[in-house]
Amino acid sequence: MPKKSPGERRLELMQGTLDMMILRALTWGPQHGHGIGQWIRAGSEDLLQIEHGSLYPALHRLERQGRIAAEWKLTENKQRAKYYRLTPAGKRQLAAAHSRWAEIVAVIARVMGPA
Amino acid sequence: MWLWRRRPSERDVDDEIAFHLGEEARLRVERGAAPDDASAGAHRAFGNVTLVREVTRDMCGTRGFASVMQDARLGLRLLLRHRLFATFSIVSLALGVGGTSAVFSLYDAVVLRQLPVHAPEQLVTLALHQEGRQPNSFMPFPQFEAMRQGTQSLEGLFARTGVPMLSVSAGATTGIASAMAVTGAYHGTLGVRPAIGRLLTPADDVAGAPAVVVFSHAYWRRNFGGRATVLGETITLNQVPFTIVGVEPAGFFGVTVGLAPDMTLPMRASSRLSDNEPPWNDAFGTWIEAMGRLRPGVSTARATEELDVIFRQVSLDAAGDAALDSDDARFARATHLRARPGATGGVSGLRNRYERGLQLLLTLLGGVLVLASLNVAALLLSRSEARRDEIAIRLALGAGRARLLLQLLTESAVIAAGGGALGLLVAWRGSELLLRLAMPNTTVLPIDLSPDLRIVAFTSFVSIAGCLVFGLLPAVRTTASAPASSRGEVGGRRRRWVDRVLVMSQTAVALVLVVTAGLFVNSLRNLWAQDTGYDRRNVLMFSIDARLAGQRGLTAMQTYQRVLEQLRAYPAAQSVSVSTVRQVSSTYYFIDRVTSVGDRLLSADAPIRVAYNQLGPGYFQTMGMRLVAGRDFGWRDGPDAPPVAIISQQMARHFVGDPVGQRFALGPDDVREVIGVAADSRYARITDAPREVVYLPFFAQVSPRYAPTYEIKYAGTTADAVRAVGEAVARVDSSLALFGTRTLEVETQNSLARERMLAGLTTYFGAFAWLLAGIGLYGLLTCTVAQRTREFGLRIALGASPGAIRLAVLRESAGTVVVGLLAGVGLALLALRVIRAQLYGVAPVDSMIVAVAVLVLLALGGCASLLPARRASRIDPMTALRQD
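As you go down the protein sequences, you meet chains A and B in turn. Quick note: the first sequence uses the numbering used here, first residue 1, plus one each step. Quick note: the second sequence uses the numbering used here, first residue 1001, plus one each step.
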């Protein structure tokens, strides 16, 4: 196994959360990378500042893990783009991540409490 | 290109990112940004494109073996993208590897390879040694027989002797075959197992035993379709019936490299094939070659000691009655027997003739291979130079150096694998081609050229070593560069120095090869232009052997005479004749001793050694040789006429006054009168110095001992002449088979086969080396110019003229080439010392050839530098300076 590059390590910090958001974005139907980025930014009402580029390593990792699948299609503007869609495994992963995330939020909220 | 489409590929990632950036920019433009700003903003929001690309690729990258495969695919793809580079690298490697391996496999087959028999390292060959003489591998039979019976150190000893071509009749078909006669222990001692039937045993080789014959595998396949039912069948050899008892295994070619007899006969039985019983009891007639197998633990030296005692005892006993100063007594006193390691077989003419030449070629080809590797190294070097930026960025982004190294190495491995595979093919076909060049008239190659494991290993080793050498250097160098210096000139000077040494060595090696090729070509031209003393144009030669048709003695002589008469009747034949020795073919070399000249008796120690030939009337006219005095043989010079001879000019010098009419003696009973003097000619080989030759009348023989060769000076086409002689012979006796039908011109060419092989191959490889050196120089300069774009731009900006820039580049290349050439001249002079023995009529230092070679390489250097120089002088300073 080759050593992980520093870049990969930096991305790992938000790996779980980013993966979850990507899977979530795809519940609305197949979407290309740029569209997913737009969706996350719009959903967070521009508060979540992720580098657009960070999406792609995550997308390819998820694809390799079989949680999403991809194919090249034409956009409305007749451009070739790689569209990702959820696989059954991705849906299960999203459900699991979603509930664990909800739990963590609830637990952390309880610990932090109203200041 | 399914190879890299099957996985998320790099191109996919690039396309995806490009789409993202385009889409983002489009959105920004829609929101009112200026196009330039929109694009920049898209990039900003994306982050580091290269980094993302890198990391994303790692994501979809597979691991372990798969990653090597991926690297290989990437390597292949990069090579496809740089087709010219790849083609050139692979082809030059293939030729380098292939050429070297082809010559090596030939060398291996001819010189190195052990006989394909049981434990060949135990075999010894026996030879006679006399102080100050070359060892003689032929020996008398009585000594052999005594050694065979008395030896303790050998567990087997056999002898063999060549047999003239045989006429073979099986059923209705008649053909010609080569054969070898052996004593009974032959197959058993060698430990050869039959393909079918049985091989020869000592019981086959006793007087009165049934006549049996064993076929070689190739002959059996060729003429009997490999059918097992031949066992027990009877064939006739020269009209004498023989029973087929077995077939030798495939790949067994006998014990002499280059001689692959079609069949093997017991020596006793083979004597029925000729009129003359072999000298079984003559202790001084050397005619058999002996080989033996050492008992386990016995050394060659021990065997020599034991066998020499037996050998000398028999010789001295046999010489007992002879006068002390007789030849026989001298032979008995002076001759010792020695055993030598015989794993590679007996003394071989093919080996003797080609060993040195092949060694030489091997050395030269080694040079070409080094050159080819250096060139690929230089090319990879300049390519990695071009990829320096990319690699520096990948390193800066934290890509593992090992992984990058591996990837760069994979690229050269792809080249090595391609070059090696192609090279093996070249080697396989090439060695056969070389052998056909060397032995132009052979239909069946007499040696085993199938590439054995050692050749495969040699080829793989050469290409793997090549890959490592020319892959590692650029890879280490490129990845060693600190990212910060990727644009700077740090270390540039030292790198260029390495490149220049590469180009210098290429130039030097190329010069050596070009000079060597020039020498060989010159030598060949000298040989060909040699005044041979005969006219080789429009002379057709062929041989027949009346004994093969069962004719003996006078009957055979009459047949030969009738054939000659039939040939004379052929209208397009301007002149015809017959002779025993075929001129220039070097197959026969009959030597006799002249014991007296004129009235002078020569001392027994200093006879004149003469070559002799037997000629029919009209020989000199047919061959275009001059008679400088006296007359030619006529029909009346028959068996009952007084013995006469014609001598060569060289021989005439031993006479006092006009030799015509004088006498000389070939031994006490053979006194002859000189009737003519012929101009000197090359007797057996084109390289022979004019020698003493004695020509005797062909039709004075009562019984022919050798098959004669006919010579026909013809008008019209060769094909017509060949047809006419066939018809003429058939009219005399349709069972006579013609062999060795060739024109004198072809015969002369064939006699120069080795020289032609050397000249052809060195020319071919010299041109190749020349091209390699040129491309190497071009690559180096192109790369240098690219590296120094900024410097040249600056100089142009500061007012340097394009001419000055051109000159700067040309000066650099000239310096490199001249140093290389100087080194090359030194090397060429060294090489010349080694190859001088292979050359003919070439001055020790042929300054003309060296000068031409130097000029040719200089011209090449100029051509290779012009384009980069022009490019340097046309650099636009603004572009160059903005490059960062």
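None of these hints come from the bench; they were simulated from the model. Note that this is a predicted model, so its numbers are computed, not measured. All C-beta atoms in this analysis are idealised placements derived from N, C-alpha and C, irrespective of residue type, glycine included. It cannot be assumed that every hint is accurate.
If you only want the chain B side, here are some residues facing chain A, beta carbon under 8 Å, derived [claimed, not checked]:
#1 D1014
#2 D1015
#3 F1019
#4 H1020
#5 G1041
#6 A1045
#7 F1046
#8 V1049
#9 T1056
#10 I1310
Structure-based check of all given hints:
1. D1014: violated (11 Å)
2. D1015: holds (7 Å)
3. F1019: Result: holds, 5 Å to nearest chain A Cβ.
4. H1020: holds (5 Å)
5. G1041: This hint is violated: B/G1041 lies away from chain A, its Cβ roughly 11 Å from the closest one there, beyond 8 Å.
6. A1045: Status holds, d = 5 Å.
7. F1046: At 4 Å from the nearest chain A Cβ, B/F1046 passes the 8 Å test, so the hint holds.
8. V1049: Constraint on B/V1049 satisfied, holds at 7 Å.
9. T1056: holds (5 Å)
10. I1310: violated (74 Å)
Hint violations for this structure: numbers 1, 5 and 10, all remaining hints satisfied.
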